[in-house]
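Number of protein chains: 2
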Amino acid sequence: MLDLSLIKFDQNGLIPVVVQDIRTNEVLMLAYMNQESIKLTLETGYMHYFSRSRNKIWKKGETSGNFQKVRSLYVDCDGDAILAIVEQTGVACHTGNKSCFFTNFFGQDKKSEVDILFRLIETINDRKRNKIEGSYTCYLFEKGLDKILKKVGEEATEVVIGAKNESKQEIIYEISDLVYHLSVLLSYFDLDWTEIFKSLEERRK
Amino acid sequence: MLDLSLIKFDQNGLIPVVVQDIRTNEVLMLAYMNQESIKLTLETGYMHYFSRSRNKIWKKGETSGNFQKVRSLYVDCDGDAILAIVEQTGVACHTGNKSCFFTNFFGQDKKSEVDILFRLIETINDRKRNKIEGSYTCYLFEKGLDKILKKVGEEATEVVIGAKNESKQEIIYEISDLVYHLSVLLSYFDLDWTEIFKSLEERRK
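Top line first, the protein sequences correspond to chains A and B. Using UniProt numbering, the letters of the first sequence correspond one by one to residues 1 to 205. Using UniProt numbering, the letters of the second sequence correspond one by one to residues 1 to 205.
The reader is advised that the hints may include incorrect statements.
One copy or two, either will do: identical chains are not told apart, so a pair holds if it fits within one copy or between any two.
[Stated by the list, open to error] Subject to a maximum C-alpha distance of 30 angstroms in a straight line, what follows is the list of computed DSBU-like cross-link-like pairs (lysine-lysine):
no.: 1; residue 1: 8; residue 2: 59
no.: 2; residue 1: 110; residue 2: 8
no.: 3; residue 1: 56; residue 2: 98
no.: 4; residue 1: 56; residue 2: 147
no.: 5; residue 1: 168; residue 2: 128
no.: 6; residue 1: 151; residue 2: 39
no.: 7; residue 1: 39; residue 2: 110
no.: 8; residue 1: 143; residue 2: 56
no.: 9; residue 1: 131; residue 2: 110
no.: 10; residue 1: 110; residue 2: 150
no.: 11; residue 1: 131; residue 2: 98
no.: 12; residue 1: 198; residue 2: 59
no.: 13; residue 1: 168; residue 2: 69
no.: 14; residue 1: 168; residue 2: 98
no.: 15; residue 1: 59; residue 2: 168
no.: 16; residue 1: 59; residue 2: 128
no.: 17; residue 1: 56; residue 2: 164
no.: 18; residue 1: 164; residue 2: 110
no.: 19; residue 1: 147; residue 2: 98
no.: 20; residue 1: 151; residue 2: 8
no.: 21; residue 1: 56; residue 2: 39
no.: 22; residue 1: 128; residue 2: 143
no.: 23; residue 1: 198; residue 2: 110
no.: 24; residue 1: 131; residue 2: 168
no.: 25; residue 1: 131; residue 2: 164
no.: 26; residue 1: 131; residue 2: 150
no.: 27; residue 1: 164; residue 2: 128
no.: 28; residue 1: 164; residue 2: 59
Derived by calculation from the structure, the hints in this document are not laboratory data.
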């Protein structure tokens, strides 16, 4: 299955591997693999790397329990870098951060636009567990399911009105409002946008 | 502003840089920087790399026009890798592919779950331009705005009914349906999920 001839190892027999989270698309870490760690990864289904400092192969998570299940592997156009798409258990970084790339040294500390949906759900889940005075999200959970559903209906209607006004600004604002209230509904049922994306993916086939 | 002491260059004065698209979170390429290419990147706002094969600094896009505007830079926990978040003009790869990592050698060729929203919009935009017999999306565009908005209202109502039935499966299915029809509406007005994410981000502050 694996054509290792695609892969160009450096003079030390290593190749850099970019590791990305399947759920959020976050870049978790950069590590190195040799030929054997690639084979072990394919055989076991879990990421194995070569440690340049310890000069040996290691299974990610072998001490921390934070394993990485491999979902896809790619090699780049000139064969000297690998991209691994993984399901990360817990966090990737030994510091306790989700990603090793947590030190921002230029620009805004905001890695992407799309991960807002996950950060939104995380905040909403937090509000569900911890009451905060004056929080609109807490108010919705307090009022309960019927209130959340009334808001879903209301915001959908406001999307329709914005569109009939042919106002792009209104459409953007009202769809955002609807997406926020749908996120509250998902959180109410302990669901996540991941389930929606999986469902869209399946129906696309 | 930049504390270069954070960054550990290798014996050749280089550090690997993972380059990621701000819009879709896609990993575009892996390249190398030396100290001067970092300085040029910060001074100009556009990604500069060090080519190991040509042994010189190059500005990404200098021949192709496919520049990368730098949005954020991160260094990893042990200082020996950089993550660059960029706005990519055109494609990143010299082969014409969006990303250099287009050769899938293990697992499904599906890089993430979240990028389904962008792939969905791309397909819908394509259906808007090119009629395909039997395509439901084409049918919606043919019927026009009122039909699309009726469907948005209908799907929102079905979300409410699914939630009142306390059926997680129904909720997932109906929210997916609603998200699809909202995508058609966005496409109708030449909008994209990016605008929704930006709006949610601004209102989160």
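Structure-based check of each hint:
1. In this homomeric assembly, residue 8 and residue 59 come within 30 angstroms of each other (Cα to Cα) both inside a single copy, at 22 angstroms, and across copies, at 25 angstroms.
2. When the C-alpha separation of residue 110 and residue 8 is checked against a cutoff of 30 angstroms, the pair qualifies only between copies, where the shortest distance is 23 angstroms, while the shortest distance within a copy is 33 angstroms.
3. Taking CA atoms no more than 30 angstroms apart as the test, residue 56 paired with residue 98 passes inside one copy only; the shortest distance there is 24 angstroms, against 35 angstroms between copies.
4. Taking the closest pair of Cα atoms, residue 56 and residue 147 never come within 30 angstroms of each other, the shortest separation being 57 angstroms inside a single copy and 62 angstroms across copies.
5. Within a single copy, residue 168 and residue 128 get their C-alpha atoms only as close as 32 angstroms, which misses the 30 angstroms cut-off; across copies the closest is 18 angstroms, which meets it.
6. In the homo-oligomer, the alpha carbons of residue 151 and residue 39 never lie at most 30 angstroms apart, since the shortest distance is 52 angstroms inside one protomer and 50 angstroms across protomers.
7. For a Cα distance limit of 30 angstroms, the shortest separation of residue 39 from residue 110 across copies, 21 angstroms, qualifies, whereas the shortest one inside one copy, 35 angstroms, does not.
8. Taking the closest pair of Cα atoms, residue 143 and residue 56 never come within 30 angstroms of each other, the shortest separation being 56 angstroms inside a single copy and 63 angstroms across copies.
9. Taking identical chains as interchangeable, the C-alpha atoms of residue 131 and residue 110 lie at most 30 angstroms apart only when both belong to the same chain, with a minimum of 27 angstroms there against 39 angstroms between chains.
10. In the homo-oligomer, the alpha carbons of residue 110 and residue 150 never lie at most 30 angstroms apart, since the shortest distance is 33 angstroms inside one protomer and 36 angstroms across protomers.
11. Within a single copy, residue 131 and residue 98 get their C-alpha atoms as close as 25 angstroms, which meets the 30 angstroms cut-off; across copies the closest is 44 angstroms, which misses it.
12. Proximity of residue 198 to residue 59 under the C-alpha cut-off of 30 angstroms is restricted to the intra-copy arrangement: shortest distance 28 angstroms within a copy versus 38 angstroms between copies.
13. In the homo-oligomer, the alpha carbons of residue 168 and residue 69 lie at most 30 angstroms apart only across protomers (26 angstroms), although the nearest pairing inside one protomer, at 42 angstroms, exceeds that limit.
14. In this assembly of identical chains, the alpha carbons of residue 168 and residue 98 lie at most 30 angstroms apart only when taken from different copies (28 angstroms versus 36 angstroms within one copy).
15. With identical chains, the CA atoms of residue 59 and residue 168 are never at most 30 angstroms apart, being 50 angstroms at best within one copy and 36 angstroms at best between copies.
16. Taking the closest pair of Cα atoms, residue 59 and residue 128 never come within 30 angstroms of each other, the shortest separation being 36 angstroms inside a single copy and 48 angstroms across copies.
17. Proximity of residue 56 to residue 164 under the C-alpha cut-off of 30 angstroms is found in neither arrangement, the shortest distances being 64 angstroms within a copy and 56 angstroms between copies.
18. With identical chains, the CA atoms of residue 164 and residue 110 are never at most 30 angstroms apart, being 34 angstroms at best within one copy and 37 angstroms at best between copies.
19. With identical chains, the CA atoms of residue 147 and residue 98 are never at most 30 angstroms apart, being 34 angstroms at best within one copy and 44 angstroms at best between copies.
20. Taking the closest pair of Cα atoms, residue 151 and residue 8 never come within 30 angstroms of each other, the shortest separation being 55 angstroms inside a single copy and 52 angstroms across copies.
21. In this homomeric assembly, residue 56 and residue 39 come within 30 angstroms of each other (Cα to Cα) only inside a single copy, at 15 angstroms, whereas the closest approach across copies is 35 angstroms.
22. In the homo-oligomer, the alpha carbons of residue 128 and residue 143 lie at most 30 angstroms apart inside one protomer (12 angstroms), although the nearest pairing across protomers, at 41 angstroms, exceeds that limit.
23. In this assembly of identical chains, residue 198 and residue 110 lie within 30 angstroms of each other by CA distance both inside one copy and across copies; the values are 25 angstroms within and 12 angstroms between.
24. Taking CA atoms no more than 30 angstroms apart as the test, residue 131 paired with residue 168 passes between copies only; the shortest distance there is 25 angstroms, against 35 angstroms inside one copy.
25. Proximity of residue 131 to residue 164 under the C-alpha cut-off of 30 angstroms is restricted to the inter-copy arrangement: shortest distance 25 angstroms between copies versus 38 angstroms within a copy.
26. With identical chains, the CA atoms of residue 131 and residue 150 are at most 30 angstroms apart within one copy only, with a shortest distance of 22 angstroms there and 37 angstroms across copies.
27. Within a single copy, residue 164 and residue 128 get their C-alpha atoms only as close as 35 angstroms, which misses the 30 angstroms cut-off; across copies the closest is 19 angstroms, which meets it.
28. Within a single copy, residue 164 and residue 59 get their C-alpha atoms no closer than 56 angstroms, and across copies no closer than 46 angstroms, so neither meets the 30 angstroms cut-off.
In the structure shown, a violation is registered for the earlier hints numbered 4, 6, 8, 10, 15, 16, 17, 18, 19, 20, 28, in ascending order.
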